[in-house]
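*Asks:* Here is how the chains run, residue by residue.
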Amino acid sequence: MRAAVVTFPGSNCDYDLYKAVEQVGSEATFVWHRERGALAGYDAVLLPGGFSYGDYLRAGAIARLSPVMEDVAAFAKAGGPVLGVCNGFQILCEAGLLPGALVRNESLRFEGRDVRIRVERTDTIFTQDYAEAQVLRVPIAHGEGNFEADRATLDRLEAEGRVAFRYVDATGEPTEEANPNGSWHNIAGITNEAGNVLGMMPHPERAMEKLLGSTDGVALFTSLASSFAATTL
Amino acid sequence: MSRYSLEIRVKPRPGLLDPQGKAIHGALHSLGWAGVEDVRVGKVIYLELEAESGGVAQQAAEAMCRKLLANPVTEDFSVSLAEELQGASS
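Chains as they are written, first to last, in the numbering used here: chain R, 1 to 233; chain U, 1 to 90.
It is worth saying that the hints were derived from the structure and are not from the lab.
There's no promise every hint is true.
Cβ-to-Cβ under 7 Å is the rule here; a few derived chain U residues that face chain R [claimed, not checked]:
(1) P19
(2) A23
(3) H25
(4) L28
(5) H29
In silico lysine to any residue, SDA-like type, Cα no more than 25 Å apart, as pairs [what the hints assert, rightly or not]:
(6) U:K67 x R:G10
(7) U:K11 x R:K210
(8) U:K11 x U:E52
(9) U:K43 x U:M1
(10) U:K22 x R:H185
(11) U:K43 x R:R113
(12) U:K11 x R:G96
(13) U:K11 x U:M64
(14) U:K11 x R:R113
(15) R:K210 x R:D114
(16) U:K67 x R:R113
(17) U:K43 x R:A76
(18) U:K43 x R:E35
(19) U:K67 x U:D38
(20) U:K43 x R:F110
(21) U:K22 x R:R151
(22) U:K11 x R:A76
(23) U:K11 x R:A178
(24) U:K22 x R:K77
(25) U:K22 x R:N192
(26) U:K11 x R:L65
(27) U:K22 x R:G10
(28) U:K67 x U:G26
(29) U:K43 x U:D76
(30) U:K67 x R:N192
(31) U:K67 x R:L57
(32) U:K43 x R:Y53
(33) R:K77 x U:R66
(34) R:K210 x R:R113
(35) U:K22 x R:Y18
(36) U:K67 x R:E111
(37) U:K67 x U:S5
(38) U:K22 x U:S5
(39) U:K11 x R:D114
(40) U:K43 x R:N192
Positions of the beta carbon are idealized from the N, C-alpha and C atoms, including for glycine.
One chain only, chain U, in its complex shape (with noise of 0.2 Å):
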């Protein structure tokens, strides 16, 4: 068993409005980035978990979003294995 660190990204999914984006798309519009065409508002969730390989802990990682991390109807998850940490239990 190895110890992985696992960056997982929740985003709305497209098309849905995402009021906290609009705003901050307004606010750096007004603070002079005109360029700014789009904001949208995520979150990043840092998990730590052990398992027998990182392909392992992928899958888990993923189970947990369609289970609890990420809500189907809302919002769209990407799981992205960040490192193998030292000082793993063998």
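Chain R extracted, bound-state conformation (with noise of 0.2 Å):
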């Protein structure tokens, strides 16, 4: 696989992305914000964490003019993969590429800790390493990850099955307590229509070594890398 990561002012999870993609044996490269038609040839195009504009008017709001932001869309609408993580599931909102809104943590606080979500779907490109509802430990980083929208669109996204991951308790339960952010139904990650753009305020990229903490992020990237032909490092 060969994967973007697009830099933005402000990103600064990229290299992150980046080494996860490295340690499944892929193919990374750093697309800044401001190139146009640099997307052509990649196999999945992913958007990080950070504050992109520092966060200014509204996490993302800014970052989704950015000239790149056309391609990702171009290339998301011709069924391309595209991953957004943190501010890059705020940016991929603002953008249109995904409904609803990621607004103010309901405890106020920025809340950066672990946490476990729940595997909704494995049938799409990003999941299909993991196992039917796998609970998952993660960290969050995050002061907007509060996810909102109309009561229709929650339904549709409900009823679509397009809720991709879930915030749970240990035994998989998706209670109140595990909430962290105050999400609509403890939603943690949410895809578009057709499955091929996934947003999640969950790190995956962070999760990739059992000396930080946990590997659960790993099955994520060999999900997508295994979707591509493997390229020689």
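Take each chain as given, in its own frame, and dock them per the hints.
*Replies:* Next comes the structure, spelled out in structure tokens:
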């Protein structure tokens, strides 16, 4: 797999994504947000976490106007896999590539800790290497991760099975206590209608090493990589 | 062309939980303002704009809100023309 990692001013998880892609034997390249036409030839596009444009106005609101985002939209429309993590998820929502919005955490605090999420879908290009209802331990680090949408959109997301991950407790139940930010229905990640765009607040790219607490993010990157030809490094 | 000053108010949509407003609500209660029933926090954006008329300036600001300044999923907006500024170019 050849993955493009888009860097915005204020991205801070771009190297983590780059390393995660390398770790599963694939090739990653940084693409600066002002570049046009730079996504041709890539198998996947990854939008990293961080604080693009200082989260001014709203998280992701300015970044989605970056020149590269027109190419990201075209890439997604053509069926190419696009993953947005944390700020990347916020940017995808602001860009209209995913429905809903991410607002201030209910706690009003920046939440930086490990949480548990349950895999709700194993038939996507991002999650095929996970087991059905597998509970993962992954870190979150965000102040605006509270997923909101109008009622009709939420019903539609649930009816179409587009919730990819949900915050759960140790027994795999989506309880209120297990919800770190107040998201509707404990939503931690969703896909677009076609399933090729995934946005999630937790950081799978920070759950790649046992030494750092969890390796539960690895399968997301192997899922993605196994869909494409192996690249030789 | 004249220069206009506009005030754009962006506020959380009704029904949407506003944790900031809730926290301030609690703080006001703790200070003794028990009558405070609801607090919601929005933002005001002050804009200066050159336009042919006040109406055109207003329309432009509303377009800016739909495109960037407010998120239609979570926020409502209103635009008010504050004043026509002195020293405008003609």
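*Asks:* Would you mind marking each hint as holding or not holding in the structure?
*Replies:* Right, here's what the structure says about each hint:
Against a cut-off of 7 Å between C-beta atoms, the interface hint on P19 of chain U holds, since the closest Cβ of chain R lies about 5 Å away. Given hint, A23 of chain U at the interface with chain R, holds; its Cβ is 5 Å from that chain's nearest Cβ, closer than 7 Å. With a cut of 7 Å, the hint placing H25 of chain U at the interface with chain R is violated, because the nearest CB-to-CB distance is about 12 Å. Given the 7 Å rule on beta carbons, the hint for L28 of chain U is violated: about 15 Å separates it from the nearest Cβ of chain R.
Against a cut-off of 7 Å between C-beta atoms, the interface hint on H29 of chain U is violated, since the closest Cβ of chain R lies about 16 Å away. Of the pairs offered as hints, the one joining K67 of chain U and G10 of chain R holds, with about 22 Å between alpha carbons and a cut-off of 25 Å not exceeded. Distance restraint check for K11 of chain U and K210 of chain R: the Cα-Cα separation of roughly 44 Å exceeds the 25 Å cut-off, and the hinted pair is therefore not satisfied. Annotation: proposed proximity of K11 of chain U to E52 of chain U is violated, straight-line Cα distance about 28 Å (limit 25 Å).
At roughly 28 Å between alpha-carbon atoms, K43 of chain U and M1 of chain U are farther apart than 25 Å, so this suggested pair is violated. Proximity of K22 of chain U to H185 of chain R is assessed by CA-CA distance (about 21 Å); at most 25 Å being required, the pair is judged to hold. Taking the CA atoms of K43 of chain U and R113 of chain R, the gap is about 30 Å. The hint is violated against a cut of 25 Å. The hinted pair formed by K11 of chain U and G96 of chain R meets the criterion: a straight-line CA distance of about 20 Å does not exceed 25 Å.
Between K11 of chain U and M64 of chain U, the direct Cα distance comes to roughly 15 Å. Compliance with the 25 Å bound is thereby established for this hinted pair. The suggested pairing of K11 of chain U with R113 of chain R is violated, with an alpha-carbon distance near 30 Å, which exceeds 25 Å. With a C-alpha separation of about 14 Å, the suggested pairing of K210 of chain R with D114 of chain R holds against the 25 Å cut-off. Only pairs whose Cα atoms come within 25 Å are accepted, and K67 of chain U paired with R113 of chain R is rejected, the gap being roughly 34 Å.
Using a Cα cut-off of 25 Å, the hinted pair K43 of chain U and A76 of chain R is violated, with the two alpha carbons roughly 33 Å apart. With a CA separation close to 33 Å, the supplied pair K43 of chain U and E35 of chain R exceeds the 25 Å bound. With a C-alpha separation of about 29 Å, the suggested pairing of K67 of chain U with D38 of chain U is violated against the 25 Å cut-off. Proposed proximity of K43 of chain U and F110 of chain R is supported: the alpha carbons are some 20 Å apart, at most 25 Å.
Of the pairs offered as hints, the one joining K22 of chain U and R151 of chain R holds, with about 22 Å between alpha carbons and a cut-off of 25 Å not exceeded. For a cut-off of 25 Å, the pair hint linking K11 of chain U to A76 of chain R is broken: about 31 Å separates their Cα positions. In summary, the hint linking K11 of chain U to A178 of chain R is not supported, as the alpha carbons are separated by about 29 Å, beyond the 25 Å threshold. Restraint check: the Cα-Cα separation between K22 of chain U and K77 of chain R comes to about 40 Å, which exceeds 25 Å; the hinted pair is violated.
The straight-line distance between the Cα atoms of K22 of chain U and N192 of chain R is roughly 32 Å, outside the 25 Å bound, and the hint therefore fails. Annotation: proposed proximity of K11 of chain U to L65 of chain R holds, straight-line Cα distance about 22 Å (limit 25 Å). With a C-alpha separation of about 30 Å, the suggested pairing of K22 of chain U with G10 of chain R is violated against the 25 Å cut-off. At roughly 34 Å between alpha-carbon atoms, K67 of chain U and G26 of chain U are farther apart than 25 Å, so this suggested pair is violated.
At roughly 11 Å between alpha-carbon atoms, K43 of chain U and D76 of chain U fall within 25 Å of each other, so this suggested pair holds. Between the alpha carbons of K67 of chain U and N192 of chain R the distance comes to roughly 21 Å, so the proposed pair stays at or under 25 Å and holds. Taking the CA atoms of K67 of chain U and L57 of chain R, the gap is about 13 Å. The hint holds against a cut of 25 Å. As the CA atoms of K43 of chain U and Y53 of chain R are separated by approximately 18 Å, the hinted pair is consistent with the 25 Å bound.
Of the pairs offered as hints, the one joining K77 of chain R and R66 of chain U holds, with about 23 Å between alpha carbons and a cut-off of 25 Å not exceeded. Between K210 of chain R and R113 of chain R the CA atoms are separated by roughly 16 Å; this keeps the pair inside 25 Å, and the hint holds. Under the criterion of a C-alpha separation no larger than 25 Å, the hint pairing K22 of chain U with Y18 of chain R is inconsistent with the structure, at around 40 Å. This hinted pair does not check out: K67 of chain U and E111 of chain R have alpha carbons roughly 30 Å apart, beyond 25 Å.
For a cut-off of 25 Å, the pair hint linking K67 of chain U to S5 of chain U stands: about 20 Å separates their Cα positions. A distance of roughly 32 Å separates the Cα atoms of K22 of chain U and S5 of chain U; the hinted pair therefore is violated under the 25 Å criterion. For the given pair, K11 of chain U sits about 32 Å from D114 of chain R by alpha-carbon distance, which is inconsistent with the 25 Å threshold. In summary, the hint linking K43 of chain U to N192 of chain R is not supported, as the alpha carbons are separated by about 30 Å, beyond the 25 Å threshold.
Hint violations for this structure: numbers 3, 4, 5, 7, 8, 9, 11, 14, 16, 17, 18, 19, 22, 23, 24, 25, 27, 28, 35, 36, 38, 39 and 40, all remaining hints satisfied.
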